[in-house]
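Peer 1: As a plain string of letters, each chain reads:
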Amino acid sequence: MSLIQMNQVQKDYHLGEVQITALKDISLVIERGEFVAVWGPSGSGKSTLCNLMGMIDSQTSGTISFDGKEVAPLTDEEKTELRSSSIGFIFQNFNLIPVLSALENVMLPLQIQGVSNEIARKKATDILTEMDIANFIKQRPHKLSGGQQQRVAIARSLITSPALVLADEPTANLDSENAKRIIDIMHQINLSRGTTFLFSTHDQRLLDRVNRQIQLQDGTIVGDKRL
Amino acid sequence: MMTWIKIGVRNLYRNKRRSLFTIGAIALGLAAVNVFGGFTRYMYTNLRDSFIYVQGNGHLTVFKEGFLTEGKLDPLKYLLTETETKTIQDLCAKDPRILVVTPQLRITGMISNGAVSTIFIAMGRVPSDAIFIRKRATGLIEEVKLFSGKELEDEIIYGVGLSKGLAKKLGLGLDSGAIVMSPTVDGFVNALDIEVFQLFDASIEALDDKLMIVPLKFAQSLYDTNSADRLTILLNDGSRTEAMRTFLEEALRQKGLKVEIKTWRELSSFYRKTKDMFDVIFIFIFIIVFVIVVMSVINTISMAVMERTNEIGTLRAIGLKRRGIIRLFAIESGLLAIIGSAIGVGLTLLSWVGIQILRPTWTPPHISTEIPLEIYLAPDYMIVSLLFLFLLSLAAATFPAKKAASMNIVDALGHV
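If you read the protein sequences in the order shown, they are chains A and B. Just so you know, our numbering puts 40 at position 40 of the first sequence, and the rest follows in order with no gaps. Just so you know, our numbering puts 405 at position 405 of the second sequence, and the rest follows in order with no gaps.
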């Protein structure tokens, strides 16, 4: 069964009385274990596509299924539970909670699920060690470098062992060395755990490493290339 | 839950000045309510004790049925006879809940110093009973002596007390002599000599040039009667006043007596009016505090929501439900309330200690001597105001918290 299936999806926005179509007639399938990049110029609909896949936005028409289950009829609570258990998010600006340490940030998704502090702490420590930032677990985000923050964000996205990780421009704010390191980590996890990664990016360094490139332009898919 | 409390505490630290302002508003509001509540409690307690003990009115007063409405027109008909008085006293003597039952007779007439005459209103009491009742008072009332001169005596019936205004009007002082005149219950005119044993402050300023306190036997002698117009009952437990009234009404009805029994609260209009006035002022203060606390909490939480919109979007994206967002802000609001309330309780205690040390004095409206100003610690006020402010803070946070919870996640994540 496919992880994500989109059929003739359209997304419209209203800016005052003006209607803007961000996505039109999008039909695609994302299989488990894929390492996919959605790319295209600014305003092409990359982020909107990721938001729909991540169930943090709703389509205007068409159907989206996640793990065989249609998303549209789900209540906000059901979507939230599905996100919590099955989807990890990595943001361009890391979006770590500033009042929490690196460890606490990583523990948070598990605590939201109701996992005990002890188990959450153990898992978070393990994954931060895997990310090679075990020495910084007590630091608050503002004391970490961009690369370190992004590794914490990746750890946070993976702590619940999600089926899908959605990453919005994950390397945009990183220097080459850190970008390479982050891409390596994600690729390694994709290979070792079979976690599906879907990136919204126009970073060539990342595009070179994915095994599928979906090209968007003006809200439509103009290319879908498996590498 | 500890995670969310920890996040709440740390978030309060993010904008210390704003949090401190809100905590300060809650603390000062709670202290204001409790200090004023403590002051009103002091007022009410002392007005009550003044009426019951100092003025010797006891907790309950027994009248012949109809006395309060028709007694002025036909006093003889509505006086309690010696036999009726004895029946009531005998009944009460068997009840350990009753400390004293004492007859009283209010009289009016003319008082003259030989050159000038004026009207008087006198309370005729059994002096020993009045002293017993007064000595049952506790606290401030016990300490304050509201008259000068000596105690009245049961056997020296011409020894009376005059209100200071009346004494001044007639140029009388302690140990001065005068004559009082009044019609007897049969309509004849009677006159008796008096000697001023004591001078006191009238509890009502308008009566300060008219009031006298006389021994009961003097009042009965002047009216040429052995009757009394009321029986004052002092209970060992004031909280049982209503229950005792019901009990006595039934017991006296079974004895065939047609009487009505009034509580001290019903008879003391000054207490009721003062309490009503202070209750209204208290409500005003509470409303002001209410508005300040609500506005402060709404402002603090709304600002926090605005500043942390992106964070709210992130939390929602990673799986926190809407009610989780509401809980997060409710915890922050609750923490503000708890910290503010704790400081408010501290300020109240500090005020109480300060007043205990400084012992300020003041002259209340109903007496002319200075008495210590106090505030009482009122745990019931404190608990109610603590709970109320806590719930109020939670309720005030609900609106901005709900707004935060219902934010579109994409918009929240895109917020800068």
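Careful, some of the hints might be misleading.
[As the list claims (entries may be wrong)] Quick list of in silico lysine-lysine cross-link-like pairs, DSSO-like style, CA-CA up to 30 Å:
| hint | chain 1 | residue 1 | chain 2 | residue 2 |
| --- | --- | --- | --- | --- |
| 1 | B | Lys262 | A | Lys143 |
| 2 | B | Lys255 | A | Lys143 |
| 3 | B | Lys16 | B | Lys262 |
| 4 | B | Lys168 | B | Lys145 |
| 5 | A | Lys138 | B | Lys210 |
| 6 | B | Lys72 | B | Lys255 |
| 7 | A | Lys122 | A | Lys180 |
| 8 | B | Lys6 | B | Lys275 |
| 9 | A | Lys180 | A | Lys138 |
| 10 | B | Lys258 | B | Lys72 |
| 11 | A | Lys123 | B | Lys72 |
| 12 | A | Lys69 | B | Lys321 |
| 13 | A | Lys123 | B | Lys77 |
| 14 | B | Lys255 | B | Lys94 |
| 15 | A | Lys69 | A | Lys24 |
| 16 | B | Lys6 | A | Lys122 |
| 17 | B | Lys262 | B | Lys275 |
| 18 | B | Lys168 | B | Lys135 |
| 19 | B | Lys145 | B | Lys135 |
| 20 | B | Lys86 | B | Lys217 |
| 21 | A | Lys143 | B | Lys94 |
| 22 | B | Lys16 | A | Lys138 |
| 23 | B | Lys217 | B | Lys275 |
| 24 | B | Lys258 | B | Lys321 |
| 25 | B | Lys145 | B | Lys275 |
| 26 | B | Lys255 | A | Lys138 |
| 27 | A | Lys122 | A | Lys138 |
| 28 | B | Lys77 | B | Lys94 |
| 29 | A | Lys122 | B | Lys321 |
The hints are simulated quantities; they were obtained by calculation from the structure and are not laboratory data.
Peer 1: State for each hint whether it applies.
Peer 2: Results of checking the hints against the structure:
Among the hinted pairs, Lys262 (chain B) with Lys143 (chain A) is inconsistent with the structure: their alpha-carbon atoms are about 76 Å apart, more than 30 Å. For a cut-off of 30 Å, the pair hint linking Lys255 (chain B) to Lys143 (chain A) is broken: about 89 Å separates their Cα positions. Taken as a hint, the Lys16 (chain B) and Lys262 (chain B) pair is broken in the structure, with Cα atoms around 58 Å apart against an allowance of 30 Å. Distance restraint check for Lys168 (chain B) and Lys145 (chain B): the Cα-Cα separation of roughly 20 Å lies within the 30 Å cut-off, and the hinted pair is therefore satisfied.
Note on Lys138 (chain A) and Lys210 (chain B): the hinted pairing is violated, with a Cα-Cα distance of about 82 Å set against a maximum of 30 Å. Note on Lys72 (chain B) and Lys255 (chain B): the hinted pairing holds, with a Cα-Cα distance of about 26 Å set against a maximum of 30 Å. For a cut-off of 30 Å, the pair hint linking Lys122 (chain A) to Lys180 (chain A) stands: about 28 Å separates their Cα positions. Under the criterion of a C-alpha separation no larger than 30 Å, the hint pairing Lys6 (chain B) with Lys275 (chain B) is inconsistent with the structure, at around 45 Å.
For the hint pairing Lys180 (chain A) with Lys138 (chain A), the CA-to-CA distance comes to about 25 Å; that is within 30 Å, so the pair holds. Distance restraint check for Lys258 (chain B) and Lys72 (chain B): the Cα-Cα separation of roughly 18 Å lies within the 30 Å cut-off, and the hinted pair is therefore satisfied. For the suggested pair Lys123 (chain A) and Lys72 (chain B), the alpha carbons sit about 90 Å apart, so the restraint of at most 30 Å is broken. This hinted pair checks out: Lys69 (chain A) and Lys321 (chain B) have alpha carbons roughly 20 Å apart, not beyond 30 Å.
Taking the CA atoms of Lys123 (chain A) and Lys77 (chain B), the gap is near 94 Å; set against the 30 Å cutoff, the hint is violated. Taking the CA atoms of Lys255 (chain B) and Lys94 (chain B), the gap is about 14 Å. The hint holds against a cut of 30 Å. Straight-line distance between C-alpha atoms of Lys69 (chain A) and Lys24 (chain A) comes to about 22 Å, which keeps the hinted pair within the 30 Å bound. Our distance criterion of 30 Å between C-alpha atoms is met by Lys6 (chain B) and Lys122 (chain A), whose separation comes to about 19 Å.
For the given pair, Lys262 (chain B) sits about 19 Å from Lys275 (chain B) by alpha-carbon distance, which is consistent with the 30 Å threshold. Between the alpha carbons of Lys168 (chain B) and Lys135 (chain B) the distance comes to roughly 28 Å, so the proposed pair stays at or under 30 Å and holds. Proposed proximity of Lys145 (chain B) and Lys135 (chain B) is supported: the alpha carbons are some 11 Å apart, at most 30 Å. Between the alpha carbons of Lys86 (chain B) and Lys217 (chain B) the distance comes to roughly 16 Å, so the proposed pair stays at or under 30 Å and holds.
For the suggested pair Lys143 (chain A) and Lys94 (chain B), the alpha carbons sit about 83 Å apart, so the restraint of at most 30 Å is broken. Note on Lys16 (chain B) and Lys138 (chain A): the hinted pairing holds, with a Cα-Cα distance of about 22 Å set against a maximum of 30 Å. This hinted pair does not check out: Lys217 (chain B) and Lys275 (chain B) have alpha carbons roughly 35 Å apart, beyond 30 Å. Taken as a hint, the Lys258 (chain B) and Lys321 (chain B) pair is broken in the structure, with Cα atoms around 71 Å apart against an allowance of 30 Å.
Our distance criterion of 30 Å between C-alpha atoms is met by Lys145 (chain B) and Lys275 (chain B), whose separation comes to about 24 Å. At most 30 Å may separate the alpha-carbon atoms for a hinted pair to count; Lys255 (chain B) and Lys138 (chain A) exceed this at roughly 85 Å. Taking the CA atoms of Lys122 (chain A) and Lys138 (chain A), the gap is near 14 Å; set against the 30 Å cutoff, the hint holds. Taking the CA atoms of Lys77 (chain B) and Lys94 (chain B), the gap is about 28 Å. The hint holds against a cut of 30 Å.
At most 30 Å may separate the alpha-carbon atoms for a hinted pair to count; Lys122 (chain A) and Lys321 (chain B) meet this at roughly 24 Å.
Checked against the numbered hints above, the structure breaks hints 1, 2, 3, 5, 8, 11, 13, 21, 23, 24, 26 and satisfies the rest.
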